[in-house]
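Visitor: Sequence lines, in order, name chains A and B.
Count along the first sequence from 1, then add 546; that gives the number in this note's numbering.
Count along the second sequence from 1, then add 71; that gives the number in this note's numbering.
I should point out that these hints are in silico values taken from the structure, not numbers from a laboratory.
Source: prediction; values computed, not measured.
Glycine is no exception: its CB is placed at the ideal position from the N, C-alpha and C atoms.
Take the hints with a grain of salt, since some may be wrong.
Claimed, not checked - Okay, derived cross-link-like pairs now, DSS-like style, lysine-lysine, Cα gap no bigger than 27 Å in a straight line:
{"id": "1", "chain 1": "A", "residue 1": "Lys-730", "chain 2": "B", "residue 2": "Lys-432"}
{"id": "2", "chain 1": "B", "residue 1": "Lys-380", "chain 2": "B", "residue 2": "Lys-420"}
{"id": "3", "chain 1": "A", "residue 1": "Lys-743", "chain 2": "A", "residue 2": "Lys-779"}
{"id": "4", "chain 1": "A", "residue 1": "Lys-620", "chain 2": "A", "residue 2": "Lys-579"}
{"id": "5", "chain 1": "B", "residue 1": "Lys-392", "chain 2": "B", "residue 2": "Lys-380"}
{"id": "6", "chain 1": "A", "residue 1": "Lys-567", "chain 2": "B", "residue 2": "Lys-131"}
{"id": "7", "chain 1": "A", "residue 1": "Lys-640", "chain 2": "A", "residue 2": "Lys-620"}
{"id": "8", "chain 1": "A", "residue 1": "Lys-620", "chain 2": "A", "residue 2": "Lys-730"}
{"id": "9", "chain 1": "A", "residue 1": "Lys-681", "chain 2": "B", "residue 2": "Lys-436"}
{"id": "10", "chain 1": "B", "residue 1": "Lys-362", "chain 2": "B", "residue 2": "Lys-420"}
{"id": "11", "chain 1": "B", "residue 1": "Lys-391", "chain 2": "B", "residue 2": "Lys-362"}
{"id": "12", "chain 1": "B", "residue 1": "Lys-362", "chain 2": "B", "residue 2": "Lys-387"}
{"id": "13", "chain 1": "B", "residue 1": "Lys-436", "chain 2": "A", "residue 2": "Lys-730"}
{"id": "14", "chain 1": "A", "residue 1": "Lys-567", "chain 2": "A", "residue 2": "Lys-743"}
{"id": "15", "chain 1": "A", "residue 1": "Lys-730", "chain 2": "B", "residue 2": "Lys-387"}
{"id": "16", "chain 1": "B", "residue 1": "Lys-432", "chain 2": "A", "residue 2": "Lys-778"}
{"id": "17", "chain 1": "B", "residue 1": "Lys-131", "chain 2": "B", "residue 2": "Lys-432"}
{"id": "18", "chain 1": "B", "residue 1": "Lys-391", "chain 2": "B", "residue 2": "Lys-432"}
{"id": "19", "chain 1": "B", "residue 1": "Lys-420", "chain 2": "A", "residue 2": "Lys-778"}
{"id": "20", "chain 1": "B", "residue 1": "Lys-131", "chain 2": "A", "residue 2": "Lys-779"}
{"id": "21", "chain 1": "A", "residue 1": "Lys-640", "chain 2": "A", "residue 2": "Lys-681"}
{"id": "22", "chain 1": "B", "residue 1": "Lys-131", "chain 2": "A", "residue 2": "Lys-743"}
{"id": "23", "chain 1": "A", "residue 1": "Lys-681", "chain 2": "B", "residue 2": "Lys-432"}
Said to hold, decoys possible - Taking beta-carbon pairs under 8 Å as the criterion, some of the chain A residues facing chain B (in silico):
{"id": "24", "residue": "Met-550"}
{"id": "25", "residue": "Asp-566"}
{"id": "26", "residue": "Leu-574"}
{"id": "27", "residue": "Met-578"}
{"id": "28", "residue": "Asn-626"}
{"id": "29", "residue": "Tyr-627"}
{"id": "30", "residue": "Lys-628"}
{"id": "31", "residue": "Leu-631"}
{"id": "32", "residue": "Thr-722"}
{"id": "33", "residue": "Arg-723"}
{"id": "34", "residue": "Tyr-735"}
{"id": "35", "residue": "Tyr-737"}
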Amino acid sequence: MDNMQIMKGKMLRAGYICDDKVATVLYLAGAMKKPVLVEGPAGVGKTAIAQAFSQVTQLPLIRLQCYEGLDEAKALYEWNYKRQLLHIQAVANKNLSVQQIEEDIFSDNFLLTRPLLKSITSDSPTVLLIDEIDKVDFEFEAMLLELLSEFQITIPEIGTVRAQHQPFVFLTSNATRELSEALKRRCLYLYLDFPSKEMEKQILMLKIPNLPPSLAEKVAQVVRQLRGLELKKPPSIAESIDWAASLLWLGKEDLDVETTLQTLTTVVKYREDQEKLERIIYRDRDLNFRA
Amino acid sequence: MPVLQYLQAFFADLREQEIPVSTSQVRDCCQALLLIDWANRDYFYSTLFTTLVKDYSYQKAFDEVFERFFNEYLSPENRQYFQSVNSEQPSHSREVTAVSDYDIGMGTPMGKGGTAQAPGGKKNPLQQDFGRISAEELTSIEATVPLLARRLAAKFVKKRKRNDQNRLDFRRTIRSSLSTGGIPLNLYTVRKYREKPVILILCDVSGSVMNFSCISLALIASLERFFQYIESYAFIDEVSDITGLLLSGNPLNFRGHVLRNARVVGVTGYTNYGRTLEQFHQRFRHRITRKTSVLIFGDARNNWQENGKWVLAEIKSQAKKVYWFNPEPVSQWNTGDSIINDYMPYCDKVFACPNLVELEKSLAKI
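Next up, chain A with everything else stripped away, as it sits in the complex (with noise of 0.2 Å):
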């Protein structure tokens, strides 16, 4: 047994299944503390690596997720304002020094912590999943490589934070835009694709435990046919797996032509991939979805 199969096995008991590349670049993440940046299409467990990784370690998942326009207030820390202004307010008769007024209100008290500045100053170390990295405008983008790369943050009123224990950092992204090469360079690069046939069949079964392996195995093979046509959005991983997960609680044995028209809505969301695929079913009659 080498590091990366421990890993694995690791892995596979926090409900992951990964192969061995995969497993290389989170034990290497781990042993050289570098941050992890995993690319791939939507729904291949980009986000459920790192919460397997943080049961792995056992240490606190701390995620922040981006979106369009998320600010240092949101991300790194933010003044309670109203917290503030009510203790001036109290203060108001005390007859207390300006500067202790000031001191008091600019005290960890007032701060209110946002996911990147408690994963630096938690206790014991964290791992930090920054979801969706590709959805923030590139300010923000500058402001997190220098978390990266110093593990410090700046408080002017207070000073520099420096983090107690390094996090290990997970970065997901759906490559909507370029990433500054500088972030590139600062991480491990993951890509994460669609698994294959046998792996999903494994990843079927670990997560429904009373799944027919032959059912697993038919489901597998159906949603791999549906990622080659060309749809709006290819079912993910778990949409493949509450498929399976329908159609055992419907009691069926085998997945037949009937049984995906009834269910086919569990799998694919959108309205025009549903027509189309029934339009398939329809006319070949089989699963095989020949384009």
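Assemble the complex: chain A is given as a structure, and chain B must be docked to it using the hints.
Guide: Quick look at chain B alone, frame taken from chain A:
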């Protein structure tokens, strides 16, 4: 051949394939290599890939170089040598550039100065001219088109969403300050509503722009998924509405799909911009409104026929913007039967997009 030199040749070869490999990446790579078991090909590959490649589109190029260098990949005894080299010289970055005396018999690398060149030359396929790419390369380029479309869509959406630099909404700010004793804690700005982009695309699908039209059709297909208001028309010497048609086609053969399912070939079968424009005027001119951006993809090679530029002039006066994307480099414009100059006055901008990188750049400018 010492391991370090061999690796160095490997890095050099990657750079030659235009995969950007920086010194810090090389350092990371060497550091990581010390942590893993080289005897396992997957570990070894994954370590090199994760530290050296930061973009999935380079994977194919990387795989080729990797195959060439590490086909008879490193055996355990080689690894021992590598480690002893490392323990003697602790600084990784220096040691990579240092010439080592250890010779561990790895055979001659076929990298720099060698005979083996990656098929397709050293150029990134995205930077190769549309006119000169093979069918296989075309497929690999087409695969990246949806990504390009998504980036464009993201850009348009982003433009729409930026609201923070707008004028202060005084009334709302004061109104909300009442609940905090007259102190304006939250500032509100006036929202600016942008019009949703309405796009109309005219795409030349004739033989002279074969590769380019494949790409532009793939682009249209992707854009149709992202924009609500988009119409597309294809032509050779007859113009036909192909909006929505591409959603059902095989992405690898959009052009064939259009030629089969839309009436784009008229009497002669040779590109005729004049006839196309006049027909467009007759049948579809009402589709153009003040909000429409018109994008034309074509080389303006008109087989010495009427140019019909008055139609374009009229389109220009009615539409919001008119952009022309020409797959030929500027040097070839107006040579032979190219009449791009006739149309230029009626376009807001004419772009030369001989390869995908240029095409993306020009699309980003609009």
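Visitor: Hint by hint, where does the structure go against what was stated? Just the numbers, ascending.
Guide: 7, 15, 19, 21 and 28
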